[in-house]
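S.K.: These protein sequence lines map, in sequence, to chains A and B.
Per the working numbering, the first sequence starts with residue 3, numbered consecutively.
Per the working numbering, the second sequence starts with residue 2, numbered consecutively.
Derived by calculation from the structure, the hints in this document are not laboratory data.
Here the structure is a predicted model, which means the values were calculated and not measured.
Among the clues, some could well be false.
[Said to hold, decoys possible] Simulated pairs of lysine to any residue, SDA-like, Cα-Cα distance not exceeding 25 Å:
(1) Lys152(B) x Phe108(A)
(2) Lys443(B) x Phe380(B)
(3) Lys152(B) x Gly66(A)
[Claimed, not checked] Part of the chain B face toward chain A, derived, beta carbon under 7 Å:
(4) Ile3
(5) Ile27
(6) Ile53
(7) Gly184
(8) Phe436
We put the CB at the ideal spot given by N, CA and C, even for glycine.
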Amino acid sequence: MITNFGYVLLFIITGALFVGVALFVSKLIRPDRPNDTKLMTYECGEIPFGDARIQFNNRFYIIGLMFLIFEVEILLLFPWAVVFKEIGWFAFFVMFVFVFLIFIGFIYELGKGELKWDIPAPLIPRYEENVGVIEEEEKRETVPSAKKL
Amino acid sequence: MIEQALHSISQFYPEIVIILTLCVIIVADLIIKSDKPVTGWIMLGGLVISGITILFQAGQNGSFFYNMVVVDPFAVFFKLLLVLAGIFVVLFSLQSKELDSYYTRKGEYYMLLSGMMLGMMLMVSSTNLLMIYIAFEVTSISSYVLVGFTKKETDSAEASTKYIIYGAVSSGIMLYGISILIGFTGATDLAAINDALQNRADIPMILNISILMILVGMGFKIAVVPFHFWAPDVYEGAPITITAILAVASKTAALGLLIRFFSVSFIDSNGLTATGIWQTIEGIHWTTLLGGMAALAMIVGNLTALRQDNIKRMLAYSSIAHAGYLLMGVVILAQEGLASIMLYLFIYLFMNLGAFYVAMLFSNSIQTESIEKYKGLGFRAPLESIAMTIFLVSLTGIPPTGGFVAKLYIFSAAISGGWIWLVTIAGITTVISLFYYIRVVKNMFFYKPESNEGIIQFDLPSKTILLILLVPILLFGIYFSPILEFAKNSVQIFGM
Numbered sequence: 003m004i005t006n007f008g009y010v011l012l013f014i015i016t017g018a019l020f021v022g023v024a025l026f027v028s029k030l031i032r033p034d035r036p037n038d039t040k041l042m043t044y045e046c047g048e049i050p051f052g053d054a055r056i057q058f059n060n061r062f063y064i065i066g067l068m069f070l071i072f073e074v075e076i077l078l079l080f081p082w083a084v085v086f087k088e089i090g091w092f093a094f095f096v097m098f099v100f101v102f103l104i105f106i107g108f109i110y111e112l113g114k115g116e117l118k119w120d121i122p123a124p125l126i127p128r129y130e131e132n133v134g135v136i137e138e139e140e141k142r143e144t145v146p147s148a149k150k151l
Numbered sequence: 002m003i004e005q006a007l008h009s010i011s012q013f014y015p016e017i018v019i020i021l022t023l024c025v026i027i028v029a030d031l032i033i034k035s036d037k038p039v040t041g042w043i044m045l046g047g048l049v050i051s052g053i054t055i056l057f058q059a060g061q062n063g064s065f066f067y068n069m070v071v072v073d074p075f076a077v078f079f080k081l082l083l084v085l086a087g088i089f090v091v092l093f094s095l096q097s098k099e100l101d102s103y104y105t106r107k108g109e110y111y112m113l114l115s116g117m118m119l120g121m122m123l124m125v126s127s128t129n130l131l132m133i134y135i136a137f138e139v140t141s142i143s144s145y146v147l148v149g150f151t152k153k154e155t156d157s158a159e160a161s162t163k164y165i166i167y168g169a170v171s172s173g174i175m176l177y178g179i180s181i182l183i184g185f186t187g188a189t190d191l192a193a194i195n196d197a198l199q200n201r202a203d204i205p206m207i208l209n210i211s212i213l214m215i216l217v218g219m220g221f222k223i224a225v226v227p228f229h230f231w232a233p234d235v236y237e238g239a240p241i242t243i244t245a246i247l248a249v250a251s252k253t254a255a256l257g258l259l260i261r262f263f264s265v266s267f268i269d270s271n272g273l274t275a276t277g278i279w280q281t282i283e284g285i286h287w288t289t290l291l292g293g294m295a296a297l298a299m300i301v302g303n304l305t306a307l308r309q310d311n312i313k314r315m316l317a318y319s320s321i322a323h324a325g326y327l328l329m330g331v332v333i334l335a336q337e338g339l340a341s342i343m344l345y346l347f348i349y350l351f352m353n354l355g356a357f358y359v360a361m362l363f364s365n366s367i368q369t370e371s372i373e374k375y376k377g378l379g380f381r382a383p384l385e386s387i388a389m390t391i392f393l394v395s396l397t398g399i400p401p402t403g404g405f406v407a408k409l410y411i412f413s414a415a416i417s418g419g420w421i422w423l424v425t426i427a428g429i430t431t432v433i434s435l436f437y438y439i440r441v442v443k444n445m446f447f448y449k450p451e452s453n454e455g456i457i458q459f460d461l462p463s464k465t466i467l468l469i470l471l472v473p474i475l476l477f478g479i480y481f482s483p484i485l486e487f488a489k490n491s492v493q494i495f496g497m
């Protein structure tokens, strides 16, 4: 007997097999000619520079958190928009309540000044304190950086 | 569709009032720049209105929002308890000196508190696993933040972190259990799950495990052994008002949810035997399991409380022990058991809130939560000390206080169900609990205060609140039949 969980397992196995087989077959038939541009880290088309491990303002975290709420809201608006015509004013009312509650939250954010951008003075790391780090920095300079490509 | 939704809304007033209160608090917090705790008064008003709308629901019976939420006497009783606890906690918060240094974030505090109230009210009235989980999380997330509200105190921040970690893991386990249960029965509605289970010829072991997993989540909220490890640290670190609501309201709500979940999902109509022992799905002997958990909670809670010096920590262990006594009533899930749980919860609300309130008043005036520092307080603050004595005596369960009646009913229900060994343990641990409760009283009254310590004055509102908490305990110690009748009528819903 195959229960619904059995189907889930089948899906997982099929998914894993699909990825594995596709990667293996393409490895067999594709030409192998790497160059610097191809091996570069992909950052949505931007040319990458510097180290990925940097300090950034943790204000981005709060902004990201707020963005997330509104993104989820939009996600829920889409299925609503599909059935909006069939349900009519009732659907409008339901979504109004939902958006209104989030709107109050947004007002609260604004009122508490969470969206204000007073930029603090940047914290510039002082490498002189640690000799090892300087050497590593110099080494990194000699590596052909992305800008030279 | 619209008609049904509008009809549902007409039965949803208590919750809507709380939601509106939450919104008004947010806006008021932004607009009103006053030193007075306006948001606290708004929340108090909202809770009172919500309580009145709940009173109008008494006696009704029906399910709303596509069987997501029910309004039945059981839910109404628990919602009334929760709102009552909420009102008292708001009154405490208005007086707490601990929260005063965070006055700029008072709006946030009451906002989260009303969110927690909403979650707990939904917890006792939802009959759908999805709704149950949402209500559970609304309560949890608000309480995580509230525990860490006094974030400059290291204890509070530590408590919040511990609570989040324990809570996230246990609610994750619970969610996993829920998903397995839904997978096997194909239903999220509790009554539909009961149907699916009764029509099944075989009950696989995995189903038992899924219910155990759900029990983990609920056991965490009730703080019953072996899911109690978070309780002492969280109760000690949290602001005392939040400790009070965690110990009373959160526990009440989770117990209501536990009772509804077990009695609706897993007991078929002829599953209750004459002696009140319930037959659920085969595999695990559920009554023995719950009885064992109750016994462990009573033993661990009472024995560990003996060695505590912090009053909040002592009350935390005592609340673990009380969770054990309450679970003893769940084991006998017949009418007697349920009615005795509800009577117990009602009296527990007053005596535990009272003990926390006096601890808060002492903490306000002498800045200590250590029981050792209570020496001589009986002469410096006589009224408060006598009140504390009555609350503690009631928590022990000595007549003529309400705590005695509550314990008596739970014990007699257990005896009539044939749980002699459980009652024996409960009796012995009750005697043990006398030692640590009386230690507080001994410290207050059997030591002379230092000569430089004068009489502590308390203002009129605090004396009034103390009296309001004190009267029910003394009154219900003698005249408790109305509450018992109310409780018995409220459990009729389960066909018991």
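S.K.: Evaluate each hint against the coordinates.
M.R.: Cross-check of the supplied hints:
1. Between the alpha carbons of Lys152(B) and Phe108(A) the distance comes to roughly 24 Å, so the proposed pair stays at or under 25 Å and holds.
2. Simply put, Lys443(B) and Phe380(B) have alpha-carbon atoms about 12 Å apart, close enough for the 25 Å limit, and the pair holds.
3. For the hint linking Lys152(B) to Gly66(A), the alpha-carbon distance of about 23 Å falls within 25 Å, and the restraint holds.
4. Annotation: interface hint on Ile3(B) holds; nearest CB of chain A at approximately 5 Å, less than 7 Å.
5. The beta carbon of Ile27(B) is positioned within 7 Å of a beta carbon in chain A (closest approach about 5 Å), and the interface hint is therefore held.
6. Checking Ile53(B) against chain A by beta carbon gives a least distance of about 23 Å; that is not within 7 Å, so the hint is violated.
7. A hinted interface residue such as Gly184(B) counts as satisfied when its beta carbon comes closer than 7 Å to some beta carbon of chain A; here the least separation is about 6 Å, so the hint holds.
8. Proximity of Phe436(B) to chain A is violated relative to the hint, the smallest CB-CB distance being about 49 Å (cut-off 7 Å).
When the structure is compared with the earlier hints, violations turn up for hints 6 and 8 and for no others.
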